[in-house]
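For reference, the chains in residue letters:
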Amino acid sequence: MSRQTKLHSGTACKGKRAGSTFLFYLLLAGVVIVTVFPFVFMILASFKTTVEIQNPSRFLNFTFITSNYTEVFERFSFAKPIWNSFYVAFMTTVISLVIALPAAYAISKFKMHRMSAGILVTRMIPGICFLLPWFKIFSAMGLTDTYTSLILSYMLVAVPFIIWIMVPHFENLPQDLEQAAMIDGCSQNMIFVRIMLPLSVPGIITAALMSFINAWNNFLFALALSGYQTKTLPMAVYNFIGYAKISWGPLMAAATIITGPIVLLSLIMQKYVVSGMTAGAVKG
Amino acid sequence: MKTSKITRFMDRHMKIIYMTPCILFLIVMVVFPLLYTFRLSFFDWGMSTVAEPEFIGLKNYSELLHDQYFISSIWITLKYSLISVILEVLIGIILALMLNRRKLFMRNVFKTVMLIPMSMTPVAVGMIWKLLMDPSIGLFNYGLKLMGLPASEWIFGSTTVICSLIMIDVWEWSPMVALIVLAGLSGIDEDIYEAATMDGAGYLQKTFRITLPLSLNVILVAALLRLIDALKTFDIIYSTTQGGPAFQSQTINIYSYLYGFQYYKYGYASASMILFLMLVLVVTGIVMYIRTKVVVDR
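So the sequences go chain by chain: A and B.
Each residue of the first sequence is one higher than the last, beginning at 1 in this note's numbering.
Each residue of the second sequence is one higher than the last, beginning at 1 in this note's numbering.
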């Protein structure tokens, strides 16, 4: 008897658990659908005619076209903005790493906590507070509508971010290594370049990825500083709403072109991007 | 082995040599521009390149504080960012708890999906939501109609615009809070849970008595990071509404941008940027203070 009740309650419990597991995954599926919906919507819309986009009942059954993409390149000449965005984001990343990596190393080696706090405050300052002076300085130097002005302004985001990611990273490297290298007669530069940097490759990948993504996505600085020659992708996408009638088809194709590579990049490099997004928060 | 003079010099002055490029960059691009904006906020200066800036003391500030649109932009900024961050933290915690479930099927896939909203280019995100929320051609109102609910004006209505923008922000950034909290959760020692299970604690008890208190610090840091960025939100708002309709989504950031780069009132815009900076510092300062209180008391 007692054995029977035990068995009975066991299956009841199992049934209840299976039910709650089902509910759990149902809820999770709902979360996933909400999360990816705008992204999927954008991709679907980029293969529809503008007329079909404007008819919500044709959300899933539509005639597949690719002319939006050719139109983006031919009518809206997107080749140049794609190159501009790539070049500026790439140069921002490289130059920021060159400046910020030694600084982050020095901060962690000499425990300059005040300096590091000071640099991080720049993250709190609204970017718009710099725009008028930059605009003034860049036009005085004849740098309006140049890559230089965009790269310099994007570096303002990248440099503190790299320091924010790399200081804890360098701090976690074993101190013994450095001492051993010094006994072997390594100079400080050699220790940094030959030992510390190679050991920090995962951190550097994270820092580089985040700098690149932030620069690629930057809108405010491009809005104020970019011109006809240096128009970046966010500007090119934004300019669509300047037309009297928005051509949603090409616009969604343009949105796919701008977000596609960056989403793909962060999906492939998932591990690094997650650690970049959560950097600093977890280690305190 | 003889080390060269240059190497020895480098070794001795390593701190300065490694820091100099970064410090120079920050002085030129941060300190100087900030001081310049601060100085400009006491001047009357328009677009004209002929007229020199004229010193007018605190007049820009007093004008700002008497402009009802500026005052309301402060409230809009606070309302938008505080409600967004509170919702994001709540949803983020729930998502993190879900993703932290033991034996979760395809955990990495779910974590990867979470990255999509935050890595999408904000301007493109703005365009997509603008289309989704369009009162006549948008999918949202079509959905409401199918369900027999009344249509909404979403970002195109002056009463609904802030809620709609908060919705976009919550969609975009809750996953980030979730990932941060999740990273914190995985640092909690398994033994504590085992001990609690032995003592007969249920899931809810474990969540509220162990998981949440132990990850409080991480949650607050996530909230702080989000708050700083929410107060500064520009891309989504400017690409969808540009502050409209009827100025109802005009945050201080948008207000400052319009005065600086559309109406070319440089002095006035600078004053509003300085007040904006002060608002960000004060609000984040308060949250940082709360954090030290809560976390140290524990």
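Worth double-checking, as some hints may not be accurate.
[Said to hold, decoys possible] In silico lysine to any residue, SDA-like type, Cα no more than 20 Å apart, as pairs:
(1) A:LYS111 - B:ILE23
(2) A:LYS16 - B:MET98
(3) A:LYS245 - B:THR20
(4) B:LYS103 - A:LYS136
(5) B:LYS15 - A:LEU120
(6) B:LYS265 - A:PHE138
(7) B:LYS111 - A:VAL31
(8) A:LYS136 - B:ASN100
(9) B:LYS5 - A:ASP184
(10) B:LYS15 - A:PRO168
(11) B:LYS15 - A:ALA181
(12) A:LYS109 - B:PRO245
Calculated directly from the structure, the hints in this document are not laboratory data.
Of the hints given before, which are not true for this structure?
3, 4, 8, 12
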